[in-house]
Amino acid sequence: MRVIAVVSLVSAVVLLAILSRATRGRAASPPQIVLRVANWGSPAVESSFMTLEREIRGEFERQHSGVRVQFEQIPGFGQYAPKLLMMHVSGSVPDVVALDASSAAVFINNGVVCDLAPFIARDPEFHLADYFEKVVQIFRRDERVYSIPLDFTPMMLFFNRKLFDAAGVPYPQRGWTWNDFLHTAQMLTTPPDQPGAAPRQYGMHFMNVMPFWVLWLWTNGGDVLDTEGRRATGHFDGPRSVEAVQFLTDLMLKYHVAPTIDEGKAAGVDLFRAGRAAMDVKGHWMMIDYRADGLEFGVVELPTNTGRPSTVIYAAGLSIMSKAQHPDLAWEYIKFMTSRDVQIRRVASGLAISSNRQAAARYAGTPVEDAFIAAVEYARAPWGATVERYPVVEGLGEEMMEDLLRSRAALGVAVELHHAAELIDAALTEP
Amino acid sequence: MKHRHPTNWRGYVFVAPATIYLAVFALVPMLLAGWMSLHRWHLLKDDHPFVGVANYLTLARDPFFRNTIGNTLLYAACAVPLGVLTSLAVALLVARQLRGVGLFRTLFYIPAVSSQVALSMVWIWILLPGEQGLINFCLDRLNAWLGTGIPTDTNFLGRPGWAMAALVAMSLWVGLGPRMVIFLAGLHAIPEPLYEAAALDGCNARQRFWYITLPQLAPTTLFVVVTTTIAAFQLFTPVYMMTKGGPRRTTDVVLYHIFNEAWQKFEVGMASAQSYVLFAIILLAAAFQFWIMRRGLREEAVQ
Numbered sequence: 000m001r002v003i004a005v006v007s008l009v010s011a012v013v014l015l016a017i018l019s020r021a022t023r024g025r026a027a028s029p030p031q032i033v034l035r036v037a038n039w040g041s042p043a044v045e046s047s048f049m050t051l052e053r054e055i056r057g058e059f060e061r062q063h064s065g066v067r068v069q070f071e072q073i074p075g076f077g078q079y080a081p082k083l084l085m086m087h088v089s090g091s092v093p094d095v096v097a098l099d100a101s102s103a104a105v106f107i108n109n110g111v112v113c114d115l116a117p118f119i120a121r122d123p124e125f126h127l128a129d130y131f132e133k134v135v136q137i138f139r140r141d142e143r144v145y146s147i148p149l150d151f152t153p154m155m156l157f158f159n160r161k162l163f164d165a166a167g168v169p170y171p172q173r174g175w176t177w178n179d180f181l182h183t184a185q186m187l188t189t190p191p192d193q194p195g196a197a198p199r200q201y202g203m204h205f206m207n208v209m210p211f212w213v214l215w216l217w218t219n220g221g222d223v224l225d226t227e228g229r230r231a232t233g234h235f236d237g238p239r240s241v242e243a244v245q246f247l248t249d250l251m252l253k254y255h256v257a258p259t260i261d262e263g264k265a266a267g268v269d270l271f272r273a274g275r276a277a278m279d280v281k282g283h284w285m286m287i288d289y290r291a292d293g294l295e296f297g298v299v300e301l302p303t304n305t306g307r308p309s310t311v312i313y314a315a316g317l318s319i320m321s322k323a324q325h326p327d328l329a330w331e332y333i334k335f336m337t338s339r340d341v342q343i344r345r346v347a348s349g350l351a352i353s354s355n356r357q358a359a360a361r362y363a364g365t366p367v368e369d370a371f372i373a374a375v376e377y378a379r380a381p382w383g384a385t386v387e388r389y390p391v392v393e394g395l396g397e398e399m400m401e402d403l404l405r406s407r408a409a410l411g412v413a414v415e416l417h418h419a420a421e422l423i424d425a426a427l428t429e430p
Numbered sequence: 000m001k002h003r004h005p006t007n008w009r010g011y012v013f014v015a016p017a018t019i020y021l022a023v024f025a026l027v028p029m030l031l032a033g034w035m036s037l038h039r040w041h042l043l044k045d046d047h048p049f050v051g052v053a054n055y056l057t058l059a060r061d062p063f064f065r066n067t068i069g070n071t072l073l074y075a076a077c078a079v080p081l082g083v084l085t086s087l088a089v090a091l092l093v094a095r096q097l098r099g100v101g102l103f104r105t106l107f108y109i110p111a112v113s114s115q116v117a118l119s120m121v122w123i124w125i126l127l128p129g130e131q132g133l134i135n136f137c138l139d140r141l142n143a144w145l146g147t148g149i150p151t152d153t154n155f156l157g158r159p160g161w162a163m164a165a166l167v168a169m170s171l172w173v174g175l176g177p178r179m180v181i182f183l184a185g186l187h188a189i190p191e192p193l194y195e196a197a198a199l200d201g202c203n204a205r206q207r208f209w210y211i212t213l214p215q216l217a218p219t220t221l222f223v224v225v226t227t228t229i230a231a232f233q234l235f236t237p238v239y240m241m242t243k244g245g246p247r248r249t250t251d252v253v254l255y256h257i258f259n260e261a262w263q264k265f266e267v268g269m270a271s272a273q274s275y276v277l278f279a280i281i282l283l284a285a286a287f288q289f290w291i292m293r294r295g296l297r298e299e300a301v302q
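Going down the list, the sequences are from chains G and Z. Each step along the first sequence adds one to the number in numbering that gives the first Met the number 0, with nothing skipped, and position 39 is 38. Each step along the second sequence adds one to the number in numbering that gives the first Met the number 0, with nothing skipped, and position 193 is 192.
If you're looking for bench data, these hints aren't it; they were derived computationally from the structure.
In silico lysine-lysine, BS3-like type, Cα no more than 25 Å apart, as pairs: (1) G:K322 x Z:K264; (2) G:K82 x Z:K264; (3) G:K264 x G:K253; (4) Z:K264 x Z:K44; (5) Z:K243 x G:K264; (6) Z:K264 x Z:K243; (7) Z:K44 x G:K82; (8) G:K82 x Z:K243; (9) G:K322 x Z:K44; (10) G:K334 x G:K322; (11) G:K334 x G:K133; (12) G:K322 x G:K82.
Some chain G residues near chain Z, calculated using beta-carbon distances under 8 Å: (13) P81; (14) V88; (15) I260; (16) D261; (17) E398; (18) E401.
Each residue gets a CB set at the ideal place from its N, CA and C atoms; glycine is no exception.
Starting from the given sequences, assemble the full structure and let the hints guide the process.
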């Protein structure tokens, strides 16, 4: 028995050795460069968009013989930036990374991604002017360009046309105010069947996600930080911001036109998508889902009290890691991915607006698309593009909002905002 | 004298793998963390200025860090006694020679061999509000059946208080198996003649438990209490998976806070200081428990 075991073990080892030799020999025959490309998202979600992206990467491989694009998806909400930064520290980095404008500052300020201006200067085929100036600016520091914008979306107010029609409420129009909005939301809220229960239909969907609600501060003339992005006191707790946050909490607690945190959680679905909330503030990417569900929606600028509209642009760009193995090839890849023809195909899904103006023009002409593109004029960059610790600010802001929404008998919005502003100041100034 | 030397040498060879492993992967990182805790050390910045004990002084003033210490102590104060009592009770039940008892021992042990991440996912589904959550679903059926009006929309993981209670409940269930096995071993090690003698003296079941089982289990109990305490102070995975420290930082425990400091904010100097504070707390807690237990044993010996 023992002899047989030993013999079979030895032969297995020998066989394995031969096999590994053989496969290694085969793989080594064409010299291959592996270009590592990282993006956020979960590899488990298979969609037609991902199939398309794979095809596009395949084309790049065919155009560059001997090159294999290794696509690395990094899953987990909020885990993308930390993971890439860890890769940077450890020295094993992807060559090309997708950069989210709202977390770009930490990459740019610490030299994690490199300046692309020299690549642009060397390359006669590439013109930065082909891209939306506003979006390019997000990733730019003076003459240094850290990312070539891929696509972007201003945040807009979506409304469900069917619910508006059913309630006989006119669609919201440009230039509407918060009062108009509140009035509209009230008309679209259906009271519950029995007292004390949740409304059957809400006028507005609300989630405590600061990147979504920060816009309400802006449309009231308030803000989170000063123009330099260094202080929150005097701004986040300023009268305009206090008014805005008071209005938001009133939507849930006083007027009950938006779901409370627990109601939203208990529903277990996106209430707007499910047709149980008439309005929501979201980005272009949601249109993929809305269209798939057959939701009839319209898009309008956010209601404003300042006399002029305001919103944020969330954008994605492609960057080269400063420790990349193949920077020149990485540049070729970025050029390819942001080129007009590839962009036209990429944004066909409705994911976002192409930052390549010619590609974006291809889809313009519909009311929805034109509303989005019109917003580029007045939209702002997210704070996270310039303030390195902005994720901490957002964490504190969401905690404060949660406090306000949970305890009706709290000290009041002004006190809570002042407290949060002091915490933010401490977080921004601590060494 | 002559044959002694090679024996020593061989002994060192045998302990070398474990020693080298511990030195490289435990001792050196520990010392390095101590060194880093004395610096302002951001992973992405090149300069790491020496700041002495400034990080520790900052921690002493930091309300968020004090909050994490409070949360951790609260969790340990609930999870340790409850965990030890429940596992002792279950161990007493399954220690009996009954048919099918092996099945129960296995069942109780299963959580211990499962991934904490998977277990957390299961608990999220148990605790969700409304129809999706198992508890709320059962409450809903109960309401329909008995006509009671228990609310079924409790968001257990989203309510301060409930979230911590949920973490404690989960820890009782996850830690049950290993603690039970240790208690079982302790129970089986109690010499049978003690019980026989007690029976002859006319002891009833409660007296046997009180005067034989419990004192004889003292060393086992000490071990279980100490390991459970250390595990409680090192709570991480369920928090990371289920609550992210929320709601309102009521489940922001020290280890989760350290993780965020190091791998979200990249302040590894500050994170190292926090680790050392946690280390000191665990050391003190363990020393205290040993002291208590040793005093108890000594008193018994005197009696």
